[in-house]
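Novice: Given next are the chains, with one letter for each unit.
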Amino acid sequence: MTNSIAELEKDAKAIFLIGTNTTENHPVIGYKIRKNVRENGAKLIVADPRKIELAEIADVYMRFKPGTDVALINGMINVIISEGLLDQEFVDQRTEGYEDVAASIAKYTPEYVSTITGVPAEDIKKAARIYAEAEAAAVCYAMGVTQHSTGTDNVKSICNLALVTGNLGKPGSGVNPLRGQNNVQGACDMGALPVVLTAYQKVVDEPVRQKFETAWKVDKLPDKNGLTLTDAINKAYDGELKGLLVIGENPMLSDPDLHHVEEALNKLEFLMVQDIFLTETAEKADVVFPGVTFAEKDGTFSNTERRVQRVRQAISSLGNAKQDWEIICELSNRLGYPMKYSSPGEIFEEIRTVTPSYAGISYDRIEATGLHWPCPTEEHPGTPILHKEKFNRGLGLFHVVEYIGPAEHPDNEYPFILTTGRQLYHYHTGTMTRRSSALEEHKPYNEVEIHPNTASRMGIVEGEFVKLSTRRGSIELRAKLTDILEENVVFTTFHYKEAAANLLTLSEPLDPVAKIPPYKVCAANLEKI
Amino acid sequence: MINVTINGKEIQVPRGTMLLEACRQAGADIPTFCHDPHLQLAGSCRMCVVEAKGRWNLLASCVMPAENGMEIETESPSVVEARKIILELLLARHDLSCHTCERDGDCRLQDYCYRYGVKESRFAGEIIHFSKEDPNPFIERDYDKCIMCTKCVRVCKEITGAEAINVKDRGHHAAISTAFDGNLADSTCVFCGQCIMVCPVGALTSKVSMGKGKPYQVEKVLTTCTYCGTGCTLELNVKDDTVVGVSSNRDERYSPVNQGALCVKGRFGWDFIHAEDRLTTPLIRKNGELQPASWDEALDFAAAKLKQIKEASGPDALAMFASARITNEENYLAQKFMRAVIGTNNVDHCARL
Chain A
162 MTNSIAELEK
172 DAKAIFLIGT
182 NTTENHPVIG
192 YKIRKNVREN
202 GAKLIVADPR
212 KIELAEIADV
222 YMRFKPGTDV
232 ALINGMINVI
242 ISEGLLDQEF
252 VDQRTEGYED
262 VAASIAKYTP
272 EYVSTITGVP
282 AEDIKKAARI
292 YAEAEAAAVC
302 YAMGVTQHST
312 GTDNVKSICN
322 LALVTGNLGK
332 PGSGVNPLRG
342 QNNVQGACDM
352 GALPVVLTAY
362 QKVVDEPVRQ
372 KFETAWKVDK
382 LPDKNGLTLT
392 DAINKAYDGE
402 LKGLLVIGEN
412 PMLSDPDLHH
422 VEEALNKLEF
432 LMVQDIFLTE
442 TAEKADVVFP
452 GVTFAEKDGT
462 FSNTERRVQR
472 VRQAISSLGN
482 AKQDWEIICE
492 LSNRLGYPMK
502 YSSPGEIFEE
512 IRTVTPSYAG
522 ISYDRIEATG
532 LHWPCPTEEH
542 PGTPILHKEK
552 FNRGLGLFHV
562 VEYIGPAEHP
572 DNEYPFILTT
582 GRQLYHYHTG
592 TMTRRSSALE
602 EHKPYNEVEI
612 HPNTASRMGI
622 VEGEFVKLST
632 RRGSIELRAK
642 LTDILEENVV
652 FTTFHYKEAA
662 ANLLTLSEPL
672 DPVAKIPPYK
682 VCAANLEKI
Chain B
10 MINVTINGKE
20 IQVPRGTMLL
30 EACRQAGADI
40 PTFCHDPHLQ
50 LAGSCRMCVV
60 EAKGRWNLLA
70 SCVMPAENGM
80 EIETESPSVV
90 EARKIILELL
100 LARHDLSCHT
110 CERDGDCRLQ
120 DYCYRYGVKE
130 SRFAGEIIHF
140 SKEDPNPFIE
150 RDYDKCIMCT
160 KCVRVCKEIT
170 GAEAINVKDR
180 GHHAAISTAF
190 DGNLADSTCV
200 FCGQCIMVCP
210 VGALTSKVSM
220 GKGKPYQVEK
230 VLTTCTYCGT
240 GCTLELNVKD
250 DTVVGVSSNR
260 DERYSPVNQG
270 ALCVKGRFGW
280 DFIHAEDRLT
290 TPLIRKNGEL
300 QPASWDEALD
310 FAAAKLKQIK
320 EASGPDALAM
330 FASARITNEE
340 NYLAQKFMRA
350 VIGTNNVDHC
360 ARL
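Chains as they are written, first to last, in my numbering: chain A, 162 to 690; chain B, 10 to 362.
If you are wondering where the hints come from, they were derived from the structure by calculation, not from laboratory data. All residues carry an ideal CB built from backbone N, CA and C; glycine is no exception. Among the hints, erroneous ones may be present.
Going by beta-carbon spacing under 10 Å, a handful of chain A positions derived as facing chain B [stated by the list, open to error]:
| hint | residue |
| --- | --- |
| 1 | Asp384 |
| 2 | Glu466 |
| 3 | Tyr588 |
| 4 | His589 |
| 5 | Ala599 |
| 6 | Pro678 |
Computed footprint of chain A on chain B, listed as stretches where at least three residues anywhere in the stretch have a Cβ under 8 Å from a Cβ of chain A [unchecked claim]:
| hint | region |
| --- | --- |
| 7 | 159-172 |
| 8 | 311-317 |
| 9 | 324-332 |
Bound conformation, chain A alone (with noise of 0.2 Å):
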């Protein structure tokens, strides 16, 4: 987030929510939304194929067809160009490209736009409008927007909008991805990327190199990008990744299209797995580690409002598990490169000193509160808002981005579109939830949201078991029958392995830029059993 949590419940004025189910994906979050909308009057713009439960009390709710938000958010700008609701002032002193931006923009009209995305031109508008007018306006989102192969396009075109009307650097405004997973901005920031060592340093950057070769006393450090997570996978199933370690991840649940995955993994020579539990991937190991979950270690996770903060340990380590990274560091004594820390403090500590953005913050300074980064000195108070006095390049860039729409369609065969989430009683690949005893009562089974006319036309009804299928694949669940989304769209989750939604999902095309799998649309069939 370039802004802070705290500023969705007091600062924003108008709060614009597009791809994130924020009540179920990150309820506290959104508990603060509602309260700004219902105390202060906060306005609320909510964009989504499904109409969630933050729509109910929206000033506009604009239900797009799946994959179609380069569309929506460009009708946004052309209305907020036509209307003259830009920040000139803005527009002018801190960005730069605006121009080729508002020509590309012309011609997408809130009427035009509505052909594309099914949203009426006259809610463009007034969200154009609500979001260009208010004092300042944060845009929310979540994989809803990048799970696409166009996901990086619409971050960009999300991008555009909060520059043309300055919404960037002051409070209450901001672009603002709500992060999936506790730790998924640290893991960022420390480097677990393939084309950035910490802080987001590049690897093609000879200096950079040369700092961290010294800093870990090695002769030479690799000098090409690596290879992605879904690129990795594809490498092993043309046989030429080897060897893979997967540290608390399962991608036999989580990644696209898992008859592909599970090809990929079994031409691998070699599998290590380290985790809390044997989950769908270790069962395909050569070798597992049992690591420790949060309660039994000591460290740091960093939000998704960049906010550094301590997690403790609070019990011993189960059985015969060993902290994470003193496997790691096992593993590296026996490869030649001594590795010898103390506690993770001792590795946060070294931490620092590779890490600008980081260099300002110790446990003693977290020790109650955590810091937001960038934090560069012991005196520095944190970061909780970005780009204040200037972006990091310098001026904000726009980018020209095109509609292209989703890479998968309904056709004959695949008449529906399938998208896919979470919902708020799981997490992920249910390997924690599942095994929480409360939770998996409560949700034990998973369900395919399909509106009451299709249901009805198909002679399907409420908690029938159904087969949904799509080329990759099919499952059998549950239907659950909703007017939340339209009538050839349906909704399902991932978390259930014995009816895993990621059967189904496609693994190409990939984003070209973030590698992101296009989890959120594909063409589906629906089946009655």
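Add chain B to chain A, keeping to what the hints say.
Specialist: Structure of chain B alone, referenced to chain A:
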């Protein structure tokens, strides 16, 4: 600023300050049930009454703004008498099964009865049962212990925004209820458990923690939630080296993101930690089956395999999926391992999934 005298001590407070706040600033310990600094004022329990010189009636300090020149007594005989009567009235419909109560030792009703020596109620009469058999797996609703402070109603509306519950009926029959007195699962309840967090007695408790430890037997360890990216802080409740529950700290310094508010996963989704099928020993595949192994055996095996692949096919034939679930420190070491030890940038994690 205005001047007020509390128990003979003169202090200055900004105009508009409630007497309760002024008394606490002056060091007076004012008992409250219905007051919560994060919720709208209810002024309903009257435990916070104080005596003001020259006033014929006692003042409910939580809803009474301090006035210049007020002279306040917080434990005068008439204040103590009023509080005792309130406690007796509450006991008249409170199930005194403290020995089996989850909140025994952390209950304001217990504390205040102890403080004012109230053992039983003179007002005991016809017993009405309010307990609610509610077949949800999260929240136990034992309204025979409810003292009608309505903090659960307010937190549900004002913090969570669910508005699942409210007060039904009046007088002796008043009780907390969902719409049409149904089950929580059929209401707008999202099982966040904020109601449990604010309940001052044992009327609302966690079914998941039931029978696992009384409040004074557990140690609370402040940490960060393991689920979504919001980064809520919570307290793991530990007894005998076992996690037996989750509570939350509402102090903004310790809970800057969520101020104690949690969701259903954070508050109730913790018993996987001790699930029977936790991995507790390394496994190696032998004859097609994963079999228990010693750490040395498993680590030697893995190291040999990595070395062999690296030598035969080069470092880029290896890749790692690090994790958004593990700590910063562990992710740092994981990518350092791949880059410095193996010699490849093939390291990624589930950010895309």
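Novice: Take the hints in turn and mark each one as holding or not.
Specialist: Hints, verified against the model:
1. Asp384: Check passed: Cβ of Asp384(A) comes within 8 Å of chain B, closer than 10 Å.
2. Glu466: Given a least distance of 7 Å, the restraint on Glu466(A) holds.
3. Tyr588: For Tyr588(A), the interface hint holds, since the closest Cβ of chain B sits about 5 Å away, which is under 10 Å.
4. His589: Since chain B brings a Cβ to about 8 Å from His589(A), closer than 10 Å, the hint holds.
5. Ala599: holds (4 Å)
6. Pro678: holds (7 Å)
7. 159-172: holds (count 4)
8. 311-317: Coverage by chain A holds here, the residue count being 5 at a Cβ distance below 8 Å.
9. 324-332: holds (count 9)
Of the numbered hints stated above, none is contradicted by the structure.
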